[in-house]
Amino acid sequence: MKLIDRYVTEVGRRLPLLKGRRDIENELHSTLEDMLEDRARKAGHPAGEDMEMALLKEYGSPQKVAATYNPMPYLVGPRMYPVYLMVLRIVLSVVTIVLLVVTGIQIATQSPATGGQLFSAIGNGLSSIISAVISAFGMVTLVFAILERYVPAEELKMEDEKEWDPASLMKEPEPAEVKIWEPILAIIFTAILLAIFNFNRELLGFHIFTDGKWTVLPGLTDAFFRWMPLINITWIAEIILNGILLRTGRWGLATHLFSIVIKIAGIVIGYFLITGPSITALTPETLQATGIFDPDSAQILGTMAQQGARGIIALIMFLEGIDIVKTGIRLVRQGSLQAA
Amino acid sequence: MANTDPLENVMLELRRGIIVLAVLSQLGQEQYGYSLLKLLSDLGLEVDQGTLYPLLRRLEAQGLLQSVWKLEEARPRRYYVISAEGKKALPRLKKEWTSIVTIMDRMLA
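Taken in sequence, the protein lines are chains A and B.
Okay, so the first sequence: first residue is 471 according to the working numbering, each after it adds one.
Okay, so the second sequence: first residue is -4 according to the working numbering, each after it adds one.
None of these hints come from the bench; they were simulated from the model.
Not one of these hints is a red herring.
List time: in silico DSSO-like cross-link candidates among lysine-lysine, alpha-carbon distance up to 27 angstroms:
#, chain 1, residue 1, chain 2, residue 2
1, A, K534, B, K33
2, B, K33, A, K527
3, B, K65, B, K82
4, A, K527, A, K472
5, B, K89, B, K33
6, B, K33, B, K83
7, B, K65, A, K512
8, A, K527, A, K512
9, B, K33, B, K82
10, A, K472, B, K65
11, B, K33, A, K512
12, A, K472, B, K33
13, B, K90, B, K33
14, A, K472, A, K534
15, A, K472, A, K512
As the structure is a computational prediction, the values presented were derived from the model and not from experiment.
Using the sequences plus the hints, can you model the full thing?
Given below as structure tokens:
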């Protein structure tokens, strides 16, 4: 009977400790003995080791037998899986994008002296992003695995288990479902912009290391920062808009109009930024004053910076304009549909 | 081992559905696992041990069965018998089964 004892121990080792392991072991033991006895009787001679081995082979590997008793062979079950995937997508994309932006800003502002330093800065940045993403993945999975095990099914009803009312199909389908990560990302980005432009303006400059000391070359002029109060208002409005979208889950007439107003305000501010005094402090003069650039390249780079800043604002204004027209067309179409 | 024949899987699924009813119907008198396995086999229903034992535990956890350890002959055995709740559930399951058989007979005739 030695083999049966060992077999039962092997099965027991693979069973959850608290869920009646001893009971299962005892029952398995008595069943195997019954079966062996049965076979010996049929064979007409006492059970030997051969017979025991044949029986255990038939009964299956200890892993397989233990698995049949495991009521939950998964970490996150089908009930939680859709929500788990959704949360994972949001968390991983937010972590990746925020860290990419932060790393980009760090590298840009530290302006490493040599190519080697630049590569090592990029390498360090990427490896810290990868490890942050992996630990975020682990944390989310851990939380869901705990929820799966300790929250009773009835307390965590998922959307599709709740009573569904077919009457909800009677309403006009709204084509403008908001994907949940869109407003979340928009809020986070806008909040980061608010923080940098109001409290961390040094991040917007260029840190240059020459003659054994750091010089900060501001990227933007006072002419730009004079517009900050108005820009702040549009950014705060943007956060409020996305907060509303997060709650309602869909675009409606009011949110569309709200977003058009914000975009128009943005275009107006952009117009004044382009036509007013230069907004970037990078000029041929300031670049030459750093002592890094010779007069010719300072001239070229400075002019490029001046034109580039205006070009970027013009591009943003153009894209916002297209967005306004698209939203306008959609609103008019919806209006004529409802009128029909 | 993975079952490669799709038809084989369909037949397994069909059989799996009736095991609960078969077990409840035969546990009016108490049986231990192996004796129940043999009883079902004698009646023509072959059930794998790996299916039967976990099923017995699950039915007990659901309150449809109750069990008790008894020391007899050479070794202790765990005896299962249908519980009061199981006795209430059985007629409903039987009715369901009869209706399934009627419907399927009509379809397959």
